[in-house]
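Numbered according to numbering that gives the first Met the number 0, the sequence shown spans residues 0 to 267.
Among the clues, some could well be false.
Simulated pairs of lysine-lysine, DSBU-like, Cα-Cα distance not exceeding 30 Å [as the list claims (entries may be wrong)]:
id : residue 1 : residue 2
1  : Lys85     : Lys185
2  : Lys184    : Lys85
3  : Lys184    : Lys100
4  : Lys85     : Lys157
What the hints contain is simulated information worked out from the structure, not anything from laboratory work. None of these values were measured; they are calculated from a predicted model.
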Amino acid sequence: MDISINTQTIAISITILLIAITTLLFLNAKNQSKMPTSAEDNTSALHTTPIPTPTYGFSGYFTVLAKTFIPHNSPATVLSAIRDTKTWSQWNGFTPAFTFKGSSSIDSDSKSTPASGSATATSDPALMTGKPGWLDLGSEGAMTVFMNGDGLVEGSKKSREQGIIITVLEPLTSPLNSPQNEDQKKGYRIAWKSIGYAKWQLYSERVTELVEVNEGAQGRNGTEYVCWETFGGVLAPVVRLAVGGTLRERFGEYADGLRGFCGGRGGG
Numbered sequence: 000m001d002i003s004i005n006t007q008t009i010a011i012s013i014t015i016l017l018i019a020i021t022t023l024l025f026l027n028a029k030n031q032s033k034m035p036t037s038a039e040d041n042t043s044a045l046h047t048t049p050i051p052t053p054t055y056g057f058s059g060y061f062t063v064l065a066k067t068f069i070p071h072n073s074p075a076t077v078l079s080a081i082r083d084t085k086t087w088s089q090w091n092g093f094t095p096a097f098t099f100k101g102s103s104s105i106d107s108d109s110k111s112t113p114a115s116g117s118a119t120a121t122s123d124p125a126l127m128t129g130k131p132g133w134l135d136l137g138s139e140g141a142m143t144v145f146m147n148g149d150g151l152v153e154g155s156k157k158s159r160e161q162g163i164i165i166t167v168l169e170p171l172t173s174p175l176n177s178p179q180n181e182d183q184k185k186g187y188r189i190a191w192k193s194i195g196y197a198k199w200q201l202y203s204e205r206v207t208e209l210v211e212v213n214e215g216a217q218g219r220n221g222t223e224y225v226c227w228e229t230f231g232g233v234l235a236p237v238v239r240l241a242v243g244g245t246l247r248e249r250f251g252e253y254a255d256g257l258r259g260f261c262g263g264r265g266g267g
């Protein structure tokens, strides 16, 4: 009798726990699917339908997405701010520092060279490689992560170091089934994937697309910024439940910081 009672108690407890977890996941997804605006033309959101990435295609569990418009700045100018990790400490409170791994760090005496790839890439000054502290295709290293977004505040404690490798650095010559829905639009795409876990455990890839907006004297002129990171693996549901809302906030703040930094440089 005691064994039967204990078994029933355990079963009931497990059922209650599963209901609680399911409820939390539902409420968390519902709240995070909203798009709070931190600045005009700036939104961030959590998507339960994953957005494709270059490395992992349509696989994944959820996506964090941020959008903003950066006026009076070309896609090349915005791309340079993202690639030049030396500037991150001026505007990026989420990941304000990057440490290159081994030979992926470029010496100051190295000569800049065009990126390998298509003829368009090799002739495009925005895709030049070999600059000290700049992210190039294949660059590997670790971002210093502040999950509270306070990486620019003196004395703040970092959350962790996150390893990444740059997987894409290219002009926008072909669609990626992305939120931009581009059709031969002018701009650039840069992407990096996280490293450190086995793929079945947890994987993610972050994609940034920068599209030129030129609507003439009476319209908008600048760069449409869209950035998303798709997470997959058995731990992805845990990540979404634990820090999904936080990631959405940090992605929005990252977009704000980038927009402010580019605006402060006077455009280009």
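Hint by hint, here is what the structure shows:
1. Proximity of Lys85 to Lys185 is assessed by CA-CA distance (about 26 Å); at most 30 Å being required, the pair is judged to hold.
2. Taken as a hint, the Lys184 and Lys85 pair is honoured in the structure, with Cα atoms around 29 Å apart against an allowance of 30 Å.
3. Annotation: proposed proximity of Lys184 to Lys100 is violated, straight-line Cα distance about 34 Å (limit 30 Å).
4. Of the supplied pair hints, the one linking Lys85 and Lys157 holds, its CA atoms being roughly 18 Å apart against a limit of 30 Å.
Violation of the numbered hints given earlier is confined to hint 3; every other hint is satisfied by the structure.
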